[in-house]
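K.L.:
From first to last, the protein sequence lines are chains G and S. Residue numbering for the first sequence follows this note's numbering, starting at 1 and increasing by one per position. Residue numbering for the second sequence follows this note's numbering, starting at 1 and increasing by one per position.
Don't read these hints as lab results, they were simulated from the structure. In this text, a Cβ means the ideal position worked out from N, Cα and C, and glycines have one as well. Check the hints yourself; a few may be wrong.
Far from chain G, by Cβ distances over 12 Å, these chain S residues were calculated [what the hints assert, rightly or not]: (1) Val7; (2) Ala43; (3) Asp98; (4) Glu137; (5) Asn204; (6) Ser218; (7) Asp239.
If you only want the chain S side, here are some residues facing chain G, beta carbon under 7 Å, derived [unchecked claim]: (8) Leu152; (9) Ser179; (10) Ala252; (11) Val253.
Rough simulated footprint, nothing fancy, chain S against chain G, three-plus residues with beta-carbon under 8 Å [said to hold, decoys possible]: (12) 708-722; (13) 774-786.
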Amino acid sequence: MPKDGGIGASTKRREDVRFLTGVGNYTDDINIHGQAHVFFLRSDVAHGTLNSVDTSAAEAMDGVVRIFTGADFEAVGGMPCGWQVTDRHGEVMQEPRHPILAHQKVRHVGEPIAAVVADTLEQARDAAEAIVVDIAELPAVIDMKDAVKDGAPKVHDDLTSNLCYDWGFVEENKDAVNKAFEEAAHVTTLELVNNRLVANPMEPRVAVGEYARGTDEHTLYTTSQNPHVIRLLMGAFVLGIPEHKLRVVAPDVGGGFGTKIFHYQEEAFCTFAAKACNRPVKWTSSRTEAFMSDAHGRDHVTKIELALDADNNFTALRTDTYANMGAYLSTFAPSVPTWLHGTLMAGNYKTPLIYVNVKAVFTNTVPVDAYRGAGRPEATFQLERVVDKAARELGVDPIALRRQNFITEFPYATPVAVEYDTGDYHATMDKLESMGDFAGFAARRAESEKNGKLRGLGVNCYIEACGIAPSNLVGQLGARAGLYESATVRVNATGGLVVMTGSHSHGQGHETSFAQVVSEMIGIDANMVEIVHGDTSKVPMGMGTYGSRSIAVGGSAMVRATEKIIAKAKKIASHLLEASEADIELKDGAFSVAGTDKSVAWGDVTLAAYVPHNYPLEDIEPGLEETAFYDPANFTYPSGAYACEVEVDPDTGKVSIERFCAADDFGNIINPMIVTGQVHGGLAQGIGQALLENCAYDADGQLLSASYMDYAMPRADDLPMFQVDHEDGTPCTHNPLGVKGCGEAGAIGSPPAVVNAVVDALQSAGKDVTHVDMPLSPDRVWAAMQ
Amino acid sequence: MYNFDVVKPARIADAVKELSDSSESQPLGGGQTLIPTLKQRLASPEKLVSLAGIDEMKGVCKGEDGSVCIGGATTHATVAAEAGDYPALAATAAHIGDPAVRNRGTIGGSLANNDPSACYPAAALASGAIIKTNAREIAADDYFQGMFTTALDEGEIITEVRFPVPEAANYQKFVQPASRFALVGVFVAKYGGGVRVAITGASNDGVFRWAEAEAALSTNFSASALDGLSLSGDDMISDLHGTGAYRAHLCAVMTKRAVTAAG
C-alpha cells in the first residue's frame with residue numbers, strides 16, 4: 001500500500017479547497033488601484049480592406065483614456081510564431097505578419113480593429129460604438145480546398161497563395177509507399193473531417209497590464225499555461241522589453257486545454273497600453289469574444305488509405321490532409337498537423353511504410369492551434385477509423401485485425417521518426433476485453449433491439465507522444481524554443497520545502513501530486529511541501545504545461561533538484577553524525593548511519609544548513625536550495641484501448657452512449673484519483689467532439705456557432721458512467737519516475753470508439769453506412785440512414 | 001447593457017400605466033430572454049416595467065369551468081409544482097430550460113415573446129388556451145401570429161392564461177443539442193370535441209397546428225392513425241442542427257410518441 005500522501009496515494013487535491021470555497025486567485029480577481037478597462041472593437045466581417053477607423057467622436061466621450069488602432073502598432077513586432085515548418089520541397093513555410101490590431105485589412109470575424117481604454121468597461125463599450133469603421137468587404141475564403149484553388153481570394157496579399165506549406169513525411173518513403181499500394185492485396189480508403197472545435201475553458205482569457213514608472217518594470221497578469229513563454233515571446237519579439245524588466249504572472253487558471261498556451265494580442269496590448277496610458281489596463285474576455293478570438297482546434301480534412309497483404313498485415317499507410325491555419329499563424333499552429341500528427345501515424349501498429357502529406361491553408365477564420373491532444377487526436381481518429389473500416393470490408397474481427405498488427409517488441413523505431421520506448425498493447429487490449437464484457441454484447445444488443453434501438457460496439461487503440469520534448473530534436477524540426485523543464489527546491493531552516501516548478505497547473509492538481517513525489521523521496525509529510533508555479537519572478541525559466549508533459553518533464557526536473565538536495569543533506573548529516581557519507585541512509589525523514597542506531601532528523605539537518613555552527617564549511621556552502629533543468633531523452637508514449645457502446649434511435653438518429661471503457665497505460669502513476677479525473681475529463685471532451693461540438697462558419701465567414709445556444713458542450717447527462725483502468729502500466733524507461741503523462745489520452749482515444757460504435761449500430765440494421773462525419777448529431781445520423 | 005430605469009408596480013393597473021407613459025418602456029417578466037438581450041446591447045429600452053411584484057398575476061387556480069388558470073407572472077417551476085390538474089402542462093413546464101430558467105421565467109413572458117422554439121406556445125395552442133390580458137381575452141388560435149409575433153398590442157400585458165383540461169395529453173420535446181430548446185416539440189391534447197396537435201421549433205412561421213394529424217387522431221386516437229401522414233420541410237427551419245426535411249420527419253415521429261404517451 002502506498003504511504004498516505006506519497007507516490008501512489010489518491011490524496012485529495014489540496015488546491016480544491018480554495019477553488020471550491022471561492023478563495024482562488026484568478027486573473028479576473030486581480031484589480032489594481034487606478035486600473036482602466038479596455039474594450040476591443042472587433043471585425044464583424046471576415047475579409048475586407050480597412051479603409052479608415054475614425055475615432056474622433058469616441059475620443060471625446062466620457063471616461064475615455066485613449067483609443068488605439070492598428071497604426072499605433074506599426075513600430076512594434078507582430079505576433080510571433082514559435083515553430084517553422086519546412087515543406088517537402090525544402091522551402092520554409094509562408095509566415096504572414098500578425099498585427100496586434102488589424103491594419104489595412106481585416107481577415108476574420110473577431111479580429112480586433114481598435115482598442116478603447118476607459119475608466120470603466122461600460123464607458124469603453126459606449127465609446128467603441130461611436131468609432132466609425134469603413135471596411136470594403138472582400139470575398140472570404142472559408143473552405144480549405146477552395147482556398148488553394150488558382151484565383152482564390154488571398155487572405156494575405158503579400159503571400160504567393162493561401163498555402164502555408166505542403167509538408168511530406170517521410171518524403172524519402174513516398175515512392176516505396178506508392179509501390180506498396182500497387183502491390184497490396186487490399187486497400188481501404190476513407191475520407192473524413194476532423195471537426196473544428198472551440199476549447200471553452202470555464203475561465204475565459206483575461207489580461208491585466210501594469211507598469212511601474214519608478215523602476216521601468218512591466219507586469220502582465222494573464223491566463224496562461226506558460227508564463228515564461230509569454231515573457232520571452234512578448235518581450236523579445238513583440239514589445240522589445242528585456243526579460244529582467246518584464247514579469248509575467250499566471251495565477252490560478254481555470255482550464256486551458258491548449259488554447260491558453262499561445263501568446264495573444266490582448267496580452268501584448270494590455271502590457272503596451274499600461275505604459276502608454278500610465279495606468280494598469282485590464283481586459284476580461286466575454287464568452288462571445290472567446291468564441292471568436294481564442295485559437296480553435298482540429299479542423300482537418302483527410303483522405304487516408306491503408307494497404308494490406310493477403311494475410312491482412314498492414315503494409316503501407318498513406319494520408320492526404322488539409323489543415324486549417326485560420327487567418328494567421330497562432331503561436332504553435334504549424335507544428336500541430338506536422339510533427340505532432342505525422343509522427344504518430346504508425347499508431348500501435350508495425351506498418352512498415354508510411355507517407356503523410358499535409359497542406360496547411362490560410363482561410364478567413366479564427367487561427368487554429370493546439371487543443372487537448374493537438375495533432376494526435378487527428379492521427380488516431382483517421383488511423384483507427386480506417387483500420388475499423390478495413391476489418392469490416394475484410395469481414396474480420398476488428399480486435400483481431402488490430403492484435404495481428406500490434407507492435408510487440410520495444411524499443412520500436414517507427415517509419416515516422418519516433419522510437420517507442422515501451423508498451424504492451426496486448427495487455428491493454430486484454431484489460432479492455434474483460435472490462436467491456438464483450439461476450440455479453442450480443443445479449444445487450446438483443447435487448448436494445450427489443451426496445452426499438454440499434455446497438456453498436458466500437459473499439460480502438462491509441463498511442464500518443466507526451467513529455468515534449470528533447471530540445472535538440474525539436475530544434476531540428478523547426479521549434480523556436482527549447483522544451484526542457486525546470487525546478488528549484490528551496491528547503492527552509494525548519495525543514496519545510498518550497499518547490500518552484502516551471503510547469504503550470506491550470507486544473508491538473510500539480511500542487512498535490514508534485515508534493516507527493518517530494519514527500520516520498522524525503523520521507524516527510526506532504527504538507528511540508530509547497531508547490532509554487534506561474535510567476536516568472538519566482539520560478540526559474542520554465543516552458544509550462546501542455547502535451548501531458550508536466551509530470552514527465554517538470555516532475556523529472558523536480559526529482560533531479562530534490563536528488564541534489566538529498567545529496568547535500570547527506571553530506572551535512574554525515575558531518576553531524578561523524579560518519580562516512582557513503583554510510584548515510586535517508587528513510588522516513590531521518591538520516592541514519594547504516595548498521596547503527598545513530599540518526600539525525602531531517603529538521604536537524606535543514607536547521608544546520610542555515611545555522612551552520614557545527615557544519616563542514618570547508619567542504620560545502622551553507623543553505624539548502626538546488627535547481628535542476630531536465631531535458632528529456634525521448635518523448636513518452638502512453639497508449640491504450642477504448643471501447644464504446646451506443647444505442648441509436650433509428651427514428652430520430654439520436655445517439656446515446658451506454659457504456660464507455662478506457663484501458664490506459666500511463667506507466668507509473670503518482671495519484672490514481674487525479675489520473676482518473678484527467679481521463680474522465682478527456683473522455684468528456686472526446687465524446688463532445690464525437691457527438692456534439694461543432695464550430696461552424698457560413699460561406700461568408702460568419703461564425704454560426706458563436707454561443708452556447710449553438711455550440712453544444714458535453715453535459716453530465718450526455719455521458720455514461722465511465723469504466724477506467726490504468727493500473728500496472730509499463731514504466732517509461734528514460735525518466736526517473738517512469739511516468740508517461742495522462743492529460744490528453746481521453747480526448748485522443750475516444751472519438752474513434754464512438755464513431756466506430758455508431759457505424760457498427762447502423763450496419764447492424766443493414767444500413768450501408770461506412771462513415772459519418774463528427775459530430776454525430778441526430779440530424780447527421782438520421783441523414784446517413786436515409 | 002445600456003442604462004435604463006426599472007419600476008416594479010404592485011398592481012396590473014399601475015403596470016399598464018407605466019407602460020403607456022413612454023413608448024420606450026418594456027414589460028419585464030422573468031427576464032430569461034430580455035436580460036441576456038440587454039446584456040448583449042441588442043435592446044435599449046428607457047424603462048423596464050417589472051411584472052414580478054404583481055401578486056394578482058401569480059399562481060395557479062381552477063376556473064369555474066374546470067380550466068387551469070395560471071397568472072401571467074407565474075414561474076415555470078410553480079406551474080410544474082401546482083398545475084397537477086393538467087399533468088401534461090405541469091410536465092411541460094418541468095422541462096423548460098434549466099432550474100434557473102424555471103425559477104425566474106414566467107408563462108406570460110414566454111407567450112409574449114413567442115420564441116419559435118419555446119415549449120409553452122405549443123401547450124397553449126394545442127390546449128386552445130385563452131390568453132387573458134389587461135384589455136381582453138384572446139383565443140390561442142388568434143394569438144400566435146408567427147415567429148416572435150403575437151396579437152398583443154404595445155403595452156398590453158398577459159395577466160392570465162386559461163387552459164381547458166383535456167381528456168388526455170402529452171408533450172414530446174426533441175431537444176436541440178446545444179440550447180436544449182425544442183428542435184421539434186409536439187403537444188397533443190384530446191378533448192371531447194376533437195384532438196389538437198401543436199408543433200413548436202420546426203416552422204419558420206412559429207408554432208402551428210397540424211390539421212391532417214388532428215383529423216386523423218380525432219377519428220382514431222392512436223399512433224397508427226398517423227401512418228402515412230407527413231409534413232413538408234420546405235417552410236421549416238433549416239440550420240446547423242437540422243434541415244427542414246429532418247424537422248418535418250421529427251414532427252411525425254414526435255407526434256406519434258406524444259399520442260402513445262398520452263394513451
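K.L.:
State for each hint whether it applies.
P.N.:
Hints and how they fare:
no., hint, result
1, Val7, "22 Å, holds"
2, Ala43, "14 Å, holds"
3, Asp98, "10 Å, violated"
4, Glu137, "34 Å, holds"
5, Asn204, "17 Å, holds"
6, Ser218, "24 Å, holds"
7, Asp239, "8 Å, violated"
8, Leu152, "25 Å, violated"
9, Ser179, "4 Å, holds"
10, Ala252, "9 Å, violated"
11, Val253, "5 Å, holds"
12, 708-722, "holds (count 6)"
13, 774-786, "holds (count 5)"
When the structure is compared with the earlier hints, violations turn up for hints 3, 7, 8 and 10 and for no others.
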